[in-house]
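K.L.:
Its first residue numbered 45, the sequence shown is counted upward by one per residue in our numbering.
In short, the hints are calculated from the structure, not lab data.
Mixed in with the good hints there might be a few duds.
What the hints assert, rightly or not - Computed beta-carbon distance windows for the label pairs:
#1 Val82 / Gly105: 30 to 36 Å
#2 Val80 / Gly52: 14 to 20 Å
#3 Thr102 / Phe76: 50 to 56 Å
#4 Val54 / Asn101: 20 to 26 Å
#5 Ile87 / Leu50: 31 to 37 Å
#6 His46 / Ser83: 28 to 34 Å
#7 Leu88 / Val54: 25 to 31 Å
#8 Asn101 / Ile66: 48 to 54 Å
#9 Ala67 / Ile87: 26 to 32 Å
#10 Ile103 / Gln53: 48 to 54 Å
#11 Asn101 / His46: 44 to 50 Å
Ideal Cβ positions, reconstructed from N, Cα and C, are used throughout, including at glycine.
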Amino acid sequence: MHALLLLGQVIFSLKRNTRGGIAAEYAFLLVFIAIVAVSGALILGDGLANYFSAMGNTIGGSAQQS
């Protein structure tokens, strides 16, 4: 909860200070996207790898039977 309040204060201070704000907002956005991408890859990585591996085996198995 404390982290969310701190994040809100940082965003509010960026909006209030318009000098160099655009670059700071883009940097903040890029960091946020990177965190989400890495988190998603870590959380979903094994599950997606297993899913696509099973799909590949199913497709490969049906192609060999034909």
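K.L.:
Now tell me if each hint is right for this structure.
P.N.:
Quick rundown of the hints versus the structure:
1. At about 34 Å, the CB distance of Val82 to Gly105 agrees with the hint of 30 to 36 Å.
2. The hinted window of 14 to 20 Å between Val80 and Gly52 holds, with their beta carbons roughly 18 Å apart.
3. Checked against the given bound of 50 to 56 Å, the beta carbons of Thr102 and Phe76, roughly 37 Å apart, lie outside it.
4. Checking the proposed 20 to 26 Å range against Val54 and Asn101 shows it is violated: the Cβ atoms sit about 47 Å from each other.
5. In this structure the supplied range 31 to 37 Å is violated for Ile87 paired with Leu50, their Cβ-Cβ distance being about 24 Å.
6. Restraint check, His46 to Ser83: a C-beta distance of roughly 20 Å breaks the suggested window 28 to 34 Å.
7. Our hint of 25 to 31 Å for Leu88 and Val54 holds, since their Cβ atoms are close to 28 Å apart.
8. Checking the proposed 48 to 54 Å range against Asn101 and Ile66 shows it holds: the Cβ atoms sit about 49 Å from each other.
9. Roughly 30 Å separates the CB atoms of Ala67 and Ile87, a value that falls within the hinted 26 to 32 Å.
10. Between Ile103 and Gln53 the beta carbon distance is about 51 Å. The supplied range of 48 to 54 Å therefore holds.
11. Roughly 47 Å separates the CB atoms of Asn101 and His46, a value that falls within the hinted 44 to 50 Å.
Violated hints for the displayed structure, listed by number in ascending order: 3, 4, 5 and 6.
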